[in-house]
Amino acid sequence: MKTLIFKTASTYLLPLLVLFSVFILLRGHYLPGGGFVGGLIASIAFVIHSFANGLEQTKNLIKFHPGFLMPVGLCIALISGAAPLFIEQSFMTGLWFENPIPVIGMVGSALFFDAGVYLVVIGVTLTIIFTISETL
Amino acid sequence: MNNPYIVLPVIFQLLTSVLLMFFWYRVNAQRLITIICSIISVGIATWLFKEVYQNGILTMQAGEWQAPFGITFVADLFSTTMVLLTAISGMAVGIFSTGSIRNARLKFGYFPILNFLLMGLHGAFLTGDIFNLYVWFEIIIIASFVLITIGGEKAQIEGAIKYVTMNLLASAIFLTAIAILYGLAGSLNMADLSIQVAEIENRGLVNVVAILFLVGFGIKSAIFPLYFWLPASYHTPPPAISAVFGGLLTKVGVYALLRIFTLIFIPDEFLGNLLIVLACMTILSGGLGAILQVNMRKIFSYLIVCHIGFMLAGLGIYTELAIMGAIFYLIHDIIVKTNLFLASGLIFKLKGTLNIEKLGGLYKKYPKFSLLIAIPLFSLAGIPPLSGFWAKVFLIEGGYKENEWMLIGFIILGSFLTLWVIAKLWSEVFWKDAVDLPKKINVKYFHELKPFKRWAMVIPIILLAGTSLYIGLAAEHIIVLSKQIAAELINPTAYLDAVLGIKSQTP
Amino acid sequence: MTELLVYILSTSGAVFILLAAVGIVKMPDLYLRISVTTKAATLGIGLILLSAACYFNDTAITARVVAIIIFMLLTAPVGAHMIGRASYFTGVKMWKKSKVDDLKGMYDKKTHKLKSGEENQ
Amino acid sequence: MIKTKFLSNLLLSLIWVAITGAFTVENFLFGFALSFFLLWVSATDRRDNKYFNRIPKLVSFIFFFLYELIKANIQVAYDVITPRHYMEPGIVKIPLDAESDLEITLLANLITLTPGTCSLDVSEDRKVLYVHAMYIKDKEEFISSIKNGFERKLLEITR
Amino acid sequence: MSIYDYLYYIILPTLSISILIIFVRFLIGPKLSDRVVALDLLLTTGIGIIAVYSILSDQPAFLDIAMIMALIAFLGTVAFAYYLEKRERND
Amino acid sequence: MILAILSGFVLAGCTPFISKFIKGKGSLLLPILPFGLFVYFFSFLKEIGEGQTFRFNYDWVPSYGINFGFHLDGLAILFALLITGVGTLVFTYTTSYLKGHHYLDRFYGYLSMFMASMLGLVLSDNIITLFIFWELTSISSFFLIGFNNDDPKSRKSALLALSITGLGGLFLLAGMVLLGYIGGSYQFQELLSQSTFIKEHTSYGWIVGLIFIGAFTKSAQFPFHFWLPGAMKAPTPVSTYLHSATMVKAGIYLLARFTPLLGGSAEWNTTLILVGSITMVYAAIHSVLRIDMKGILAYSTISALGILVFLIGLGTEASLLAAGVFILVHALYKATLFLITGIVDHETGTRDVTVLSGLSKVLMPVAIAAGLAALSNAGAPPFFGFIGKDLIYEATLAYGDWAMVLTIAAVVTNVCLLFAGLLAGVKPFVGSLPSNFTSLHLPHPTMWIPPLILAGLGLVFGLFPSLVEGLIVQPVFSSMVIDGAPVHIKLWHGFNLVLGLSLLTLTLGVILYMIVKPSSSLFSKTLKFEMIAPQTLFEIFGKFFNAFARFWTGLFQNGYLRNYVITILGFLTILLAYRLYQGVNLYIDTKQLTALTIYEVIVALMMIVAIVFTVFSRSRLVAVASLGVMGYTICLIFLFYSAPDLAMTQFSIDTLTVILFVLVIYNLPKYKNFSSKAVRIRDGILSVFFGSLIAILTLEVLSEPLNRETSIFYAESAYLLAKGKNVVNVILVDFRGFDTMVEITVLVIAAIGVFSLLKLRLKSIEKE
Amino acid sequence: MELILVVIIGLLYASGIYMMLRRSMVKLIIGLILLGNGANMLIFLLGRIVKGKPPIIDSTAKMLTEIYADPVPQALILTAIVISFGLQSFAIILVKRAYKITQTDDLDELNTTDEIYE
Ligand code: NA
Ligand code: NA
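So the sequence lines, in the order shown, correspond to chains W, F, X, Y, R, A and L.
For the first sequence, full-length UniProt numbering assigns the number 1 to the initial residue and increments by one for each residue that follows.
For the second sequence, full-length UniProt numbering assigns the number 1 to the initial residue and increments by one for each residue that follows.
For the third sequence, full-length UniProt numbering assigns the number 1 to the initial residue and increments by one for each residue that follows.
For the fourth sequence, full-length UniProt numbering assigns the number 1 to the initial residue and increments by one for each residue that follows.
For the fifth sequence, full-length UniProt numbering assigns the number 1 to the initial residue and increments by one for each residue that follows.
For the sixth sequence, full-length UniProt numbering assigns the number 1 to the initial residue and increments by one for each residue that follows.
For the seventh sequence, full-length UniProt numbering assigns the number 1 to the initial residue and increments by one for each residue that follows.
No lab work stands behind these hints, which were simulated from the structure alone.
Be careful, since some hints might not be right.
Derived pair list, reagent style SDA-like, types lysine to any residue, alpha-carbon separation capped at 20 Å [said to hold, decoys possible]:
| no. | chain 1 | residue 1 | chain 2 | residue 2 |
| --- | --- | --- | --- | --- |
| 1 | L | K62 | A | I712 |
| 2 | F | K368 | A | I712 |
| 3 | W | K2 | X | K110 |
| 4 | X | K99 | Y | Q75 |
| 5 | A | K759 | F | K401 |
Quick list of the computed label-pair ranges, beta carbon to beta carbon [claimed, not checked]:
| no. | chain 1 | residue 1 | chain 2 | residue 2 | range |
| --- | --- | --- | --- | --- | --- |
| 6 | A | T536 | F | E357 | 19 to 29 Å |
| 7 | F | N442 | W | L95 | 49 to 59 Å |
| 8 | F | P438 | A | K361 | 25 to 35 Å |
| 9 | F | K368 | A | L555 | 39 to 49 Å |
| 10 | F | L32 | X | I70 | 47 to 57 Å |
| 11 | F | E199 | L | T65 | 47 to 57 Å |
| 12 | L | E66 | F | E199 | 47 to 57 Å |
| 13 | F | N403 | A | F545 | 25 to 35 Å |
| 14 | A | L440 | F | E357 | 40 to 50 Å |
| 15 | F | P438 | A | L440 | 29 to 39 Å |
| 16 | L | T65 | X | D58 | 21 to 31 Å |
| 17 | F | T493 | A | T536 | 33 to 43 Å |
| 18 | A | G205 | F | I490 | 26 to 36 Å |
Just so it is clear, CB atoms sit at the ideal spot from N, CA and C, and this is done for glycine as well.
Model the full assembly from the supplied sequences, consistent with the hints where possible.
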């Protein structure tokens, strides 16, 4: 499958798609999107890249095992969810910065939570697809 | 009363898993973490139990969104008891695993998954939201899928196909039930549903939804005629995994049945009779299956089915006494079944097989182990005053009160078959002369293990045996507890008040 | 003015898509179907998207529409190339009236490498 | 190299601004930072491209392409809506002057995007492009139309 | 006829009918490749429908779905192409 | 008191830890425990003789009315003394009998456990506690019968005994619980005050029946008797202690104990008389035909138990008195005979009475004991047995219309028993000593003194009945017969019919002994008789049950996944259909429905076709592609109906699923159609039926009003309280964020699962 | 439209079950997917459908006021979809592994773990 055309196209598609996925992640609180879809799109970007360039290339590109994103993402989600416990509030209570940040809007624990979701979804999808590709 | 910390068992378990994932290939670190964290986990569960026992029902409204709008967690006596039992069983299995699970499996996420599974169990017990219960169930089943297949041996995979199919089917039915329930009542909070469902005029529909829940949870709790996946699969994974399955997984289904059918759907006459008939058939099928088997773990698997029938019977009779019996049995069964599967692991390490026809001579060669294993075995057989005995008294009396003669007959039959099977097992495995078995090259026998691993396998069994002795001999404590739980279930006003506050007063 | 543009763009877009649809059914072999559809559809969708951009008349939306069109221009031909190549490979026959087939015998059956026929030049 | 990187970075930031639709400095800076990070992650070898003197040629190329696109579409459309098939299809080998990955890919994609033709594959040694075409009156003429049309104009931009 | 009606009564049905026609190709095949091409075209046409629908319901947010489709629709095609080649190699 | 009862358990618990000690000289110290207990209970004798009773109460499960309530009265003390007294002797006997045995420690462990359980049983006032001890005796018996567990027969007998007594025990439990429920208490003394209420209750029959089953199984009554001969596989001290003197009498104890509470009714009496008399006659005849000393004694024990049941069944004051006395009589002589059998077996290595003879020449004290016991058994004056027999005949003769029949049955039984006693107690010791036995030596005194003591007591009590009259017999009688007349027992009543019967019995028995010579051929003839014996029937039933189990299990657990699925779905469908049919009226409110548009119809149509295509396609790739189309149409429907987030997610996931499928299934085998047409049609019908049910249900729910409280709350507070405008996303990350947290965990687990499933290959060499 | 959706839901359930009753493992998985989709559609429909009014608060508004689609079922379905994705991927891989080990796609040949004697 390593055709020249596909390879070249994928080289350009990868950053585009990842960029787009971050966009989808960040605006999820206001418009359709969010961590899931964002994560799925980002992982699809890498999947396309791996189809075109071979798995090794993609792995070199990512530099670490995508599975590593899973505990990291879980950790982020967990921390953003559990932070309120330290001030005797319930799990998942929203904590917000006072003022909105440009581009992103209001920043609060929900956003971090969504970012955790985003990372987990990338980690999961890539782990699954890469593992399958490796053991074909 | 509100208490944000009642989710600690869940969160701590998640934390443990995440921590373990960071030590992916470092098995010894994983072992250490597992031991420490499982002990802490029992500590947390004990704390929670104590809090609830002293202060009554505690709730946590996730995100501080008041019920029914957010996801509510409710720690009542029933759920905290289950959490405590889960933590204890989990600790036993965790420690046992440090000794018995081979490194290859540990390098592929065994411990994180095990802890995820425990997290799922804690969550399922504590949640007060029906859809949240669904997602916890999903955690439980996916984690169990992974555990049942980890290692990927032929029998494991074959068993897993059935296990996975049935569980996915159950999930689909459960989800269907939730869909319809939401379509009817517009709520997901179980306490709120309790009120909403009671007000629905179209009782026919409510009854239909109840059937869906019954079958969905029934598959998970392995009742007749929905139990097939269990004997097909529970004996295939490593014993530590069977232990957590045998001890805890089907009980979640029972927990859910008890919860749903006391809080949301109060069984009408048809459903009550149906439950009784199913309980009888479950007892019969499990007992009959068990007497035929020669593989120790398959015997235990069928006995799980048989004893689920006892618990179902309590729900079918639907009096405080009968439910108390079911709860008592549930408590006993979790500890004892876990222990028996662990014991089967120990026996496997000693002899290299679990076929009772090939086994033998254990009593002669390992008298202390034999006596140790005898405790859970005879507890299961219901030899008084061991833990399996008490519940039967309540169930039988509960049956009399409602004139369920057939059920009493089946309880006697089931008890007898259990007794017989256990006696046969004892005679075959422990009494019969040992046969020379060929040494298996891929088995590291008990005597070849390092002392740490040996102790890691024996200590949990001692611990659980001690617990089951406690349940039997200090039955008073457990009876008082079960009685309180049953009372809470039968009359859920306290639950409703705790979750909904003033709202429950003015429906 | 905007409205007129919307009418024109959407109509022509729909027509191209319809053409592609008819084409995919009518064309006698796979390669012709690919040929007909990839572009007609791309063009048609591009036009419809532009009509949407005109309708909303908002820079942000226009930018997004442009982005979609660029994405499509980037991906559609790649897809066509991939499936065409794979089909040739798996022996999907060309229409019986086809004139030339320079590709014949150029694929190495084992390695899937494509020869140019001009290796020695 | 640094310049290319910077340009790609800039380009991506602009795309970011475009898709988010918020034309503000902060958004641009955010997009810039984000794409900088991405480029750092996805370091691939890109040839040096001289963007600015190519712009006019690019514009004229776009118009040429649109013209070709519409022309060919009408041709195909006619074939589609009339019952008879007028086409004379086949797969033609087209020798390539284009050398870089980008050139070849762009060429192949453009050929595909025009109705009636479709790039099937590039040979392993990048010397020829195999194209499926619907209307091959004369093979040589067809090859030269591609080479003098799309390829020449494309190479003018990229080189 | 307002632009709304035009889109609703002319364009959308046209696109829908196109989809139906394309679906016919999907059903008759005959080869897997034909179906894949049809599937690809179905998705592409879907983008058009979404665009029109976003005008109709005055929801520009729907265009984002179109964007996602445009980005990843071809992945299915790629996957099937990948499959066809793999199968070829294994046979 | 509780200490006295539980001390046996403590000792049993200690045995594994002091095993070295026990196997050494320590065993000689063990009889101290039963002896101490004997003395302890003996100390109560005087007060009890004076009509006092003692109560001890210890809390255990107060919330359910279960406690260690002990009640020491005549009946209890008789048994307690028997248990501890015979226990002392058996403990002592064992020190020699099993001297140096490798598992002596275990043996003593079980024995002490048994003793404690038995004591608990007879002393418990709480019927649940009583039952608990009851079951513990069964379990101790199981371990003791299977003590020689290398022997398959031993194991089989243990299992059989446990099956019968265990099953009986469960019925007894049911009976006890029912009794407690009806009577409102588990305390026997409290129940006693409810006696008339219970007897008139509709469930009385159930209570009695259930308790009977428990008592009959334990006390080896016909037709449950057959486990007892098998139980003789246990070492002789066990046979002596459990299977003749104490445990088998638990059923008798129970019946005697419950007589004042439940007795006196026609059901009670008739059943007991019938079962008791059948048992006594049946087993007595059997005992005549045996040649193994233990076999003889086993059947004669069954017969004696039958007599006791029979006597209790008669229910007259005379018969109950006879029963009370006979318990003691029987314990004394039967224990002796068993112990002697053990000595004979121990010394000669055989128990075959056709082989044994003349042993008195070498084992004189043993022979004396045996002779005494045989005479007491024979009911010869002046032995205690004579008094016992007299009382029996007195009781039968006084029993109204049936006196004649019952007396004849009693005579026949006694004749046979007498014969059996002579066979076991006299035959081995008289006559010429076979040459191979000449070198025998008298065993250690700890073996022959205990039987001598027991046999001696049989004589002493016979000569001086006043010794036991006031202290034991009277209190026992008072426990069974409330407000009964004072009893008086004596050896000599003068010449009367009873004496005549006694003499007749003696004469007939001796004649029989003279005529009939035991032989193995006779014995083997009787084995044919076994064909219709209850044991055979039981075995046939066992086989049938096993076959049924096999059928049932094979029917459901048949290994075919699709059968499992079809069973489950069939079950669900039937229930749903029934419930729908029962309570739902189909009704559609067309006004509430949304209008149809062409594009929706086309999308829906496409979806339907895609589903059908997925199901019926013959290539799995095509099926996957159709699945893709279906997912995509769902995505469009989500879009049309205001769910952009869903549309996005569905689309992405759909694409990924297709990729997964495609990656995975290219090397799977051909997509075959395995099922026959008939099966497909059956499945099709079920599926369509189920689908229709869901559809009807959906329609029905749609016409119900929906409570929108939650959704309104979300709509109103999403921005104001949670600072987000996409309400769905706000729900996902805030309102119901916990779901999402769990859900990503599900994903993580799935990924790990896939990873391990594909990558983990256990090497067969690596050790587990 | 609800009526058509009802038919579709019924069809999804029916076909899902029909596929689960086949002997082929791949069909089994497809059946499970169909069933899952059926359940999702059911939640969607029973949350009552509304055309063209996504539950997104207008950039100028502070809350949803007019008629809008119920966001709760959507959130539930989203969760369910993602969960099913995880489960389905696992199931697909399981089937692959099963085939590799047993060399058959026929479920009827996978019944050794149910045998009484083993
Ligand atoms: Na073209
Ligand atoms: Na969610």
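Going down the list of hints, with the structure as the test:
1. With a C-alpha separation of about 13 Å, the suggested pairing of L/K62 with A/I712 holds against the 20 Å cut-off.
2. With a C-alpha separation of about 65 Å, the suggested pair F/K368 and A/I712 falls outside the 20 Å cut-off, and the hint is violated.
3. Restraint check for W/K2 and X/K110: the C-alpha separation of about 15 Å stays at or below 20 Å, so the hint holds.
4. Between X/K99 and Y/Q75 the alpha-carbon distance is near 19 Å, which keeps this suggested pair within the 20 Å criterion.
5. For the hint pairing A/K759 with F/K401, the CA-to-CA distance comes to about 57 Å; that exceeds 20 Å, so the pair is violated.
6. Judged by the Cβ atoms, the range 19 to 29 Å given for A/T536 and F/E357 holds: they are separated by roughly 26 Å.
7. In this structure, F/N442 and W/L95 meet the distance hint of 49 to 59 Å, their C-beta atoms being roughly 53 Å apart.
8. A hinted range of 25 to 35 Å is violated for the C-beta pair F/P438 and A/K361, which are about 55 Å apart.
9. Take F/K368 and A/L555: their Cβ atoms lie about 42 Å apart, and the range 39 to 49 Å holds.
10. With their beta carbons about 54 Å apart, F/L32 and X/I70 fall inside the hinted range of 47 to 57 Å.
11. Range check, F/E199 to L/T65: Cβ separation about 27 Å, and the 47 to 57 Å hint is violated.
12. Between L/E66 and F/E199 the C-beta distance comes to about 28 Å, which lies outside the given range of 47 to 57 Å.
13. Checked against the given bound of 25 to 35 Å, the beta carbons of F/N403 and A/F545, roughly 27 Å apart, stay inside it.
14. Between A/L440 and F/E357 the beta carbon distance is about 42 Å. The supplied range of 40 to 50 Å therefore holds.
15. With their beta carbons about 47 Å apart, F/P438 and A/L440 fall outside the hinted range of 29 to 39 Å.
16. For the hinted restraint 21 to 31 Å between L/T65 and X/D58, the CB-CB distance of approximately 23 Å keeps it satisfied.
17. Checked against the hint of 33 to 43 Å, the pair F/T493 and A/T536 fails, with Cβ atoms roughly 60 Å apart.
18. Roughly 32 Å separates the CB atoms of A/G205 and F/I490, a value that falls within the hinted 26 to 36 Å.
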